[in-house]
Amino acid sequence: MDAHRRTLLLLTGLLLALGLTMVYSASFVFAEKKFGSPTFFLERHCVYLLAGCFAMTVGALWDYHRLARWWPWLLALAIVVLAGVLVPGVGERINGARRWYRLGSFTFQPSEMAKPLLIIGLAGWAVTRREKLRTFWRGFVPGALLVGGAVALVALEPDLGTGLLLFSILGSMLFVAGVRLIYAIPALGVALPAAAFLAWSRLEYIQNRIIQFVGGNEDPLGHGYQITQALMAQGSGGVWGVGLGQGAAKLLYLPEAHNDFILALIGEELGLAGTLAVIACFALFVWTGWRVACLAPDRLGALIAHGVTLLVGLQAAINIAVVTRTMPTKGISLPLVSYGGSSLVFTMLAIGLLLNVAAHPARGTVPAAPGVPPPARREHPSLAGLPVLNTTSPTA
Amino acid sequence: MQATHGNRHVHEEPAPLPAHDTPPAPPSLAAAAEACCQHARDGAPDRGARIRSGLVIIPLVVAYGILVGRSIQIHVDDAEEWSAMAERQRVSRQRQPAPRGSIFGADGTALVASMPCFTVFADLKTLRDKDEAAEKLAPLLDLERAALRKRLDREGPRVVTLARHVEHDTGEAIRKLKLRGIGMDEEFHREYPLEELACHVIGWANVDGGRDGVELRFDALLRGVPGFQTVERDAARRPLALSDDNIYLAGSAEPRSGLKMTLTLHPGIQHAAEEELDKIMEKFKARGATCVVLDCETGAVVALACRPAYNLNEPSKVTDEQRRKRAVSDCYEPGSTFKTFIAAMALEKKLARRNEMFFCENGAWRLGYRTLHDAHAYGSLSFDDVIIHSSNIGAAKIGLRLGRDGVWETVKAFGFGERTRIDLPGEAKGIVRPLEKWTKDSLLSIPMGQEIAVTPLQLATAYAAMLNGGMLLRPQLVAKIEDRNGETLFQLQPEPVRRVLSPATSKAMREILSQVVGEGTGKSAQCEEYDIGGKTGTAQKVIDGLYSHEKYVGSFCGFAPVDRPRLVCLVAVDEPLKSLGYYGGTVGAPAVKEVLRRGLLAMGVPPKAKKQAPDAAHNSN
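Chains B and D, in that order, give the protein sequences.
With the working numbering applied, the first sequence has no gaps in its numbers, which climb one by one up to 396 at the end.
With the working numbering applied, the second sequence has no gaps in its numbers, which climb one by one up to 621 at the end.
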């Protein structure tokens with residue numbers, strides 16, 4: 001597990017360093033034009049990075065079991081921040097979507113905060129249910145309501161990309177925890193067409209995104225502009241890239257170059273080599289994260305590790321898929337690399353939790369103290385959840 | 001919740017040791033750590049959970065593989081297409097106009113100048129504050145504010161040209177205003193400092209290139225090669241630059257100016273010719289007039305002037321009549337000036353001798369259906385006197401000596417009926433009836449200068465051939481062409497077309513023609529400084545197929561000095577008012593004298609000694 005922690009830390013560090021470099025490279029032209037200071041985004045990114053380091057440290061050191069015990073409060077907090085942002089006057093409306101709180105000159109995205117909260121919360125709830133998870137009324141229904149409620153709140157902002165991501169992460173956590181998927185089939189049969197219909201009929205911009213994706217780049221100046229620019233940037237990079245800082249997409253051609261489309265800039269400046277390095281980092285991260293989940297000492301750890309791995313890995317995959325036009329455009333950033341305040345901080349918090357789980361030795365891996373026999377493998381139904389932990393004496 | 005409560009007590013008692021970073025723990029600590037884990041354990045993840053987790057994670061890893069493939073596709077397979085597209089939007093090639101080559105007169109006077117200037121335009125799509133633009137630009141462009149404002153509201157093309165040929169300083173002032181949506185293109189425009197002078201030779205050029213005259217004929221040489229600057233721009237269309245004056249160039253080529261041309265045209269002599277033509281136009285109320293001055297020895301065109309003329313700086317205001325290059329594109333029947341060629345050829349072929357007498361029928365020669373008339377009745381005239389007194393009957397009789405073939409040969413030998421190949425656009429061939437279509441009359445008419453039409457340039461060229469020793473030379477306009485490094489690419493050299501006469505015949509003709517001025521029809525060309533020879537011509541114009549008795553072309557072709565001619569000068573006056581005078585000796589000769597006098601002085605030909613009486617000079621010939 002030590003090796004896994006080192007790997008995860010190294011990968012996180014690498015991606016953060018690349019992100020810091022590329023955020024500056026991508027943003028200085030835009031920052032100069034819009035804010036008169038080329039380092040505008042770099043400075044802010046550094047602040048978020050420091051906050052992220054703090055969050056990661058907290059996540060790594062604060063024993064996840066103790067954190068998870070607060071699951072009802074964590075879930076409640078997530079729901080409150082997600083609901084709060086929808087209230088006019090509280091949430092900041094940008095481009096027709098209420099996705100941000102404004103704190104002075106910093107903005108804060110509640111859906112980012114909700115991701116780690118929901119992961120711990122859901123994991124905490126799941127382990128309390130243990131066997132009941134497999135039932136319909138005590139397991140599936142509350143789980144589905146929880147996930148559905150959170151996803152619905154995010155989708156209402158509207159932020160369907162993040163909603164979909166959250167749905168995938170939380171849904172798969174329920175699946176891993178043991179909720180029976182069979183119950184979901186009829187529910188999905190109703191929910192999915194309804195969601196699709198709502199999305200199609202009410203939100204013009206989703207229509208545009210889908211039409212544009214299906215239609216290829218027939219409209220490179222209209223709705224396909226951003227993705228066309230992203231592909232132009234990547235194509236320009238070739239195998240080895242045009243060189244760090246030498247890219248042209250940042251010359252205001254590619255909107256949000258430092259944000260959701262930072263991989264296009266990496267592709268341009270560092271070439272296919274850079275892109276593949278990023279993909280390799282995330283793939284290795286996912287693999288290591290999964291190993292941590294498998295070797296976790298308990299179900300809580302496994303669920304948290306699974307959720308965090310998926311949070312980072314799936315979000316990265318979706319972002320890369322968007323940038324390479326493998327998927328229609330979503331507003332999803334590349335974790336650790338993209339500029340993005342709350343996303344960076346809370347992703348690092350989540351990674352801290354993963355390190356936390358990795359730090360807890362699985363059964364049999366703890367260096368055995370002389371005279372203390374390795375604990376016997378136990379599968380006691382009464383240990384189903386945290387609330388019953390106090391029934392087990394440490395020396396039992 | 002109660003359970004949670006209880007748990008807290010238990011949990012907080014042992015020091016919560018962070019499990020990671022734990023050094024090899026002493027027994028008690030390890031036990032504590034183990035305890036910590038133990039009590040926290042909710043049961044290890046079962047095999048099913050691992051498998052389920054793998055079911056989610058492994059597809060994700062596979063998805064990464066797909067993304068790798070997709071990246072390779074974009075970065076390698078389609079790279080060229082995408083990067084070409086990126087370059088198209090980012091890189092723009094800015095054309096830099098090349099100044100047109102300059103044109104100088106033979107004495108080094110600049111005949112044209114290429115001035116840097118700006119074309120000011122408005123981009124209606126990016127222009128925001130139209131009122132402000134109109135208010136600030138109107139005084140600079142010297143336009144009415146309201147009118148300018150109206151043009152900014154125009155529907156249709158996105159770019160509206162506001163002003164052309166805006167001077168450099170004004171352009172800089174406009175640039176300093178930094179008006180959004182107002183742009184300028186740098187150009188060169190042609191200015192002609194001498195305005196009317198030699199307008200028909202120089203011609204004019206606009207932004208598209210030469211439009212007339214030498215400017216058109218040598219457009220390819222004068223044009224130059226435009227340069228370019230390859231500028232990279234950001235999406236806001238700002239060029240990449242370290243500062244406003246230090247724009248990053250991805251590629252560039254300096255514009256190369258056109259070649260420098262020196263014409264054979266002598267501005268001083270040209271000016272003299274034009275002054276004389278203006279006087280003629282004024283004095284005789286003529287419809288048009290033309291003057292051609294050639295260097296006999298080289299064929300160089302020293303002056304070529306036509307009236308009416310126009311100001312080269314205002315080409316849009318020109319009428320067709322003004323634009324006509326009468327000297328090369330208009331044909332007229334030369335009349336008596338043509339007689340000399342017949343006489344010269346008769347001498348050359350030894351079909352007549354200079355002292356031979358011709359009976360001139362006392363002014364009217366009845367030939368059955370046709371009667372030839374002389375202006376003055378003569379009895380017998382020597383060969384010389386036929387020319388000196390310009391007897392039509394005498395000339396016709398000399399023509400009969402030559403016969404049809406001889407006259408035809410004369411016409412062709414002197415280059416009539418074919419272009420002189422002067423370097424001007426729009427040259428006419430003249431009209432020469434082919435031999436097989438000649439009537440019985442033709443043999444009588446052509447020696448008198450009828451039934452044949454020539455351009456003034458053809459006539460002057462033929463005279464030059466007759467006087468320079470008998471060699472027909474191509475008339476040339478270009479004295480020298482130099483490239484931008486001052487290297488000479490072309491230098492004028494006489495271009496012989498063919499030998500027409502022997503030097504002896506040429507000398508004889510010079511003597512005869514000097515007597516025309518000394519004692520014949522051309523007395524008004526007599527000059528104190530130089531010996532001048534020449535021949536008058538007064539031709540009736542053909543109006544509706546009949547010879548008019550009202551409309552004439554009076555001409556005089558003179559040359560000087562007689563013993564070694566340097567310049568030939570032809571002045572032809574189209575339709576002088578009959579009541580004011582129309583004989584070639586009256587309308588043309590004084591002008592020719594003045595042009596030759598000033599021309600020879602300008603060329604530094606020493607005048608003859610002043611003490612010598614004109615008579616004595618003539619006797620010496």
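One thing to keep in mind: the hints can contain errors.
Stated by the list, open to error - Far from chain B by the CB rule (all over 10 Å, computed), these chain D residues: (1) Ala63; (2) Ala86; (3) Ala377.
To be verified - Within a straight-line C-alpha distance of at most 27 Å, the following computed DSS-like cross-link-like pairs (lysine-lysine) qualify: (4) D:Lys285 / D:Lys350; (5) D:Lys285 / D:Lys260; (6) D:Lys480 / D:Lys285; (7) D:Lys150 / D:Lys176; (8) D:Lys429 / D:Lys551; (9) D:Lys437 / D:Lys523; (10) D:Lys440 / D:Lys429; (11) D:Lys429 / B:Lys33; (12) B:Lys34 / D:Lys125; (13) D:Lys150 / D:Lys125; (14) D:Lys283 / B:Lys33; (15) D:Lys480 / D:Lys523; (16) B:Lys34 / D:Lys130; (17) D:Lys541 / D:Lys283; (18) B:Lys34 / D:Lys176; (19) D:Lys440 / D:Lys523; (20) D:Lys349 / D:Lys507; (21) D:Lys541 / D:Lys507; (22) D:Lys260 / D:Lys412; (23) D:Lys578 / D:Lys283; (24) B:Lys34 / D:Lys178; (25) D:Lys285 / D:Lys349; (26) D:Lys176 / B:Lys33; (27) B:Lys33 / D:Lys125.
What the hints assert, rightly or not - Partial list, derived from the structure: chain B residues whose beta carbon lies under 7 Å from chain D: (28) Thr275; (29) Ile279; (30) Trp290; (31) Cys294; (32) Gly313.
Bear in mind the hints are in silico, worked out from the structure with no lab data behind them.
We put the beta carbon where it would ideally sit given N, CA and C, even for glycine.
Okay, the hints, checked on the actual structure:
1. Ala63: violated, 5 Å
2. Ala86: Per Cβ check, Ala86 of chain D is inside 10 Å of chain B; nearest 4 Å; violated.
3. Ala377: holds, 93 Å
4. D:Lys285 / D:Lys350: violated, 44 Å
5. D:Lys285 / D:Lys260: violated, 39 Å
6. D:Lys480 / D:Lys285: Violated - the C-alpha atoms of Lys285 of chain D and Lys480 of chain D are around 38 Å apart, more than 27 Å.
7. D:Lys150 / D:Lys176: holds, 23 Å
8. D:Lys429 / D:Lys551: Cα-Cα ~23 Å, so holds.
9. D:Lys437 / D:Lys523: Violated: Lys437 of chain D and Lys523 of chain D sit about 38 Å apart, past 27 Å.
10. D:Lys440 / D:Lys429: holds, 24 Å
11. D:Lys429 / B:Lys33: Violated: Lys429 of chain D and Lys33 of chain B sit about 68 Å apart, past 27 Å.
12. B:Lys34 / D:Lys125: holds, 22 Å
13. D:Lys150 / D:Lys125: The hint holds at about 16 Å.
14. D:Lys283 / B:Lys33: violated, 73 Å
15. D:Lys480 / D:Lys523: violated, 38 Å
16. B:Lys34 / D:Lys130: holds, 25 Å
17. D:Lys541 / D:Lys283: With a Cα-Cα distance of about 20 Å, the restraint between Lys541 of chain D and Lys283 of chain D holds, given a limit of 27 Å.
18. B:Lys34 / D:Lys176: holds, 23 Å
19. D:Lys440 / D:Lys523: At roughly 35 Å apart (the allowed maximum being 27 Å), Lys523 of chain D and Lys440 of chain D break the hint.
20. D:Lys349 / D:Lys507: holds, 15 Å
21. D:Lys541 / D:Lys507: The hint is violated at about 32 Å.
22. D:Lys260 / D:Lys412: violated, 36 Å
23. D:Lys578 / D:Lys283: At roughly 12 Å apart (the allowed maximum being 27 Å), Lys283 of chain D and Lys578 of chain D satisfy the hint.
24. B:Lys34 / D:Lys178: holds, 19 Å
25. D:Lys285 / D:Lys349: Violated: Lys285 of chain D and Lys349 of chain D sit about 43 Å apart, past 27 Å.
26. D:Lys176 / B:Lys33: The hint holds at about 21 Å.
27. B:Lys33 / D:Lys125: Measuring from Cα to Cα gives roughly 21 Å; hence the hint holds.
28. Thr275: Since the shortest Cβ distance to chain D is 5 Å, the answer is holds.
29. Ile279: Given a least distance of 6 Å, the restraint on Ile279 of chain B holds.
30. Trp290: holds, 4 Å
31. Cys294: Holds: closest Cβ of chain D sits about 5 Å from Cys294 of chain B, inside 7 Å.
32. Gly313: It holds, given that the least Cβ distance between Gly313 of chain B and chain D is near 5 Å, below 7 Å.
Going through the hint list in order, the structure does not satisfy hints 1, 2, 4, 5, 6, 9, 11, 14, 15, 19, 21, 22, 25.
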